[in-house]
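Asks: Produce the complete structure using the sequences and hints provided.
Taken in order, these protein sequences are the chains called E and X. Take 1 as the starting number for the first sequence in the working numbering and just add one per residue. Take 1 as the starting number for the second sequence in the working numbering and just add one per residue.
No lab work stands behind these hints, which were simulated from the structure alone. Be careful, since some hints might not be right.
The list treats identical chains as interchangeable, and a pair is accepted whether it falls inside one copy or across any two copies.
Only pairs whose alpha carbons sit at most 25 Å apart, straight line, appear in this in silico BS3-like list of lysine-lysine [what the hints assert, rightly or not]:
| hint | residue 1 | residue 2 |
| --- | --- | --- |
| 1 | LYS249 | LYS235 |
| 2 | LYS256 | LYS117 |
| 3 | LYS257 | LYS235 |
| 4 | LYS117 | LYS35 |
Note that the structure is predicted; figures quoted are calculated from it, not measured.
2 protein chains.
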Amino acid sequence: MTTIVLIGAGNVASHLAPALQKNGYKIIQIYSRTKKSAQLLGEKLKIDYTEKIQAIKQQAQIYLFAVSDKAIEPVLQKMPQNKQALYLHTGGSMPMNIFKQYVTHFGVLYPLQTFSKNRKVNLTQVPFFVEANKPENLVVIKKIAEKLSNICIELSSDDRKYLHLAAVFACNFVNHLYHISQQVLSEKKIDFSVLHPLIQETAQKALENNPADVQTGPAVRYDTNIIEKQLDLLKNTPQYAQIYEQISKSIHFIQKKKE
Amino acid sequence: MTTIVLIGAGNVASHLAPALQKNGYKIIQIYSRTKKSAQLLGEKLKIDYTEKIQAIKQQAQIYLFAVSDKAIEPVLQKMPQNKQALYLHTGGSMPMNIFKQYVTHFGVLYPLQTFSKNRKVNLTQVPFFVEANKPENLVVIKKIAEKLSNICIELSSDDRKYLHLAAVFACNFVNHLYHISQQVLSEKKIDFSVLHPLIQETAQKALENNPADVQTGPAVRYDTNIIEKQLDLLKNTPQYAQIYEQISKSIHFIQKKKE
Chain E
1 MTTIVLIGAG NVASHLAPAL QKNGYKIIQI YSRTKKSAQL LGEKLKIDYT
51 EKIQAIKQQA QIYLFAVSDK AIEPVLQKMP QNKQALYLHT GGSMPMNIFK
101 QYVTHFGVLY PLQTFSKNRK VNLTQVPFFV EANKPENLVV IKKIAEKLSN
151 ICIELSSDDR KYLHLAAVFA CNFVNHLYHI SQQVLSEKKI DFSVLHPLIQ
201 ETAQKALENN PADVQTGPAV RYDTNIIEKQ LDLLKNTPQY AQIYEQISKS
251 IHFIQKKKE
Chain X
1 MTTIVLIGAG NVASHLAPAL QKNGYKIIQI YSRTKKSAQL LGEKLKIDYT
51 EKIQAIKQQA QIYLFAVSDK AIEPVLQKMP QNKQALYLHT GGSMPMNIFK
101 QYVTHFGVLY PLQTFSKNRK VNLTQVPFFV EANKPENLVV IKKIAEKLSN
151 ICIELSSDDR KYLHLAAVFA CNFVNHLYHI SQQVLSEKKI DFSVLHPLIQ
201 ETAQKALENN PADVQTGPAV RYDTNIIEKQ LDLLKNTPQY AQIYEQISKS
251 IHFIQKKKE
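Replies: Below you can see the structure in the form of structure tokens.
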């Protein structure tokens, strides 16, 4: 049974850990600098846990980092190092070579999804992007990805940066636009739920079409009459007005290029 | 049987028309300034059609405008007017009183959804927002909305403006972000479909939570390291870089207020 030390107990770690257990991997320890997070996940999954870097076990076959980009190197510098083990991280933007000066076997296992602790995600439908410093390591990483998911794709660190950027637009930024629309409605005490069918249909449409081909709204024809009135409704929230203006211009710019 | 003249043969008109027919309304004519659109929809639904404003029939009980905001008044000025008939429009931003100086009975029937000609939409799940200049007209409009949909809500012109603005963010602008993410991926020849599970989960999460509570990504903690690197990836598309910067700042601004 392959043994894993899991570095991190946040959103990504708490989704990957039970899936790894179910698929025959033995997580022998969870490390988190936040004792409470380590304890919560450790107790839930009946796994040893620690918040002390020096207490990280040395005999694991895989060290899986599911922490923020910034946290990888500080932990790597202080933890006990193991020349035989495979070191993996799960980040979108971090190059694989972050590991290079510290360890011998390393790679990346990046699940492209938004994870929250209290939401179930069907990992089998989540695309996993993998990369390794040696062919034999790629075999091991692919095996993990293919056990967890139906979609496993090899991708370089450079391409992964673009993938992560695209995900920031399609997920993090989209969510912020949902937030703005909720704020606009709440001013008039209209419940956000009236937008639910629109949000679902907008997402669904993008899955079945080229988004540029199904673009609608006042910005497409740059209807200055509506655009100016809507900007006026946003005059008390200049940060939202700026977003409105920038996106409208960008939509119109694309539209003009198409014509 | 209530008789309707439909003004417009675009996305909204082509979704409403068959639903009205199925629910016992008799569309006696379709007008569109584009002959081809009028003909296409008219022939499909076996309804008389015209592209001549003066040929619009005078004896209908309802004149339903499903055209762009700008097009309402020019048609209204030139068409034969009917003091007994009810005049409705389907727009989000246009006040009801656009009709005031021309006709006696009027109101609004606004379906909050994104309509494309080639996509089926389940109208029964689409919220319809209604408004009328007289209580007896409201009864008629509500009856139409309740036949077409399970969700019928009375809303003033002023509140409807905000609703439409919210919809622009949650639909039109969200779609543009999907477009940007697709463009970013296409530079690296990565298929847009890898983002599908993320797009679906992001939408689903917003339906089940307060979007501000589930905001994730580098902008939340304003991770300047990732933000600067990602801005650099966008250096050849300054309009996307500006959108990236504005939205990141706005996400962080909200986050700081929460803390």
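Asks: Each of the hints needs a verdict: does it hold here or not?
Replies: Hints, one by one, checked against the model:
1. LYS249 with LYS235: both (18 Å within a copy, 17 Å between copies)
2. LYS256 with LYS117: Cα proximity of LYS256 and LYS117: across copies only (21 Å, versus 43 Å in one copy).
3. LYS257 with LYS235: The answer is between: 19 Å across copies meets 25 Å, while 30 Å in one copy does not.
4. LYS117 with LYS35: within (17 Å within a copy, 55 Å between copies)
Figure legend: structure checked against the earlier numbered hints; every hint is met.
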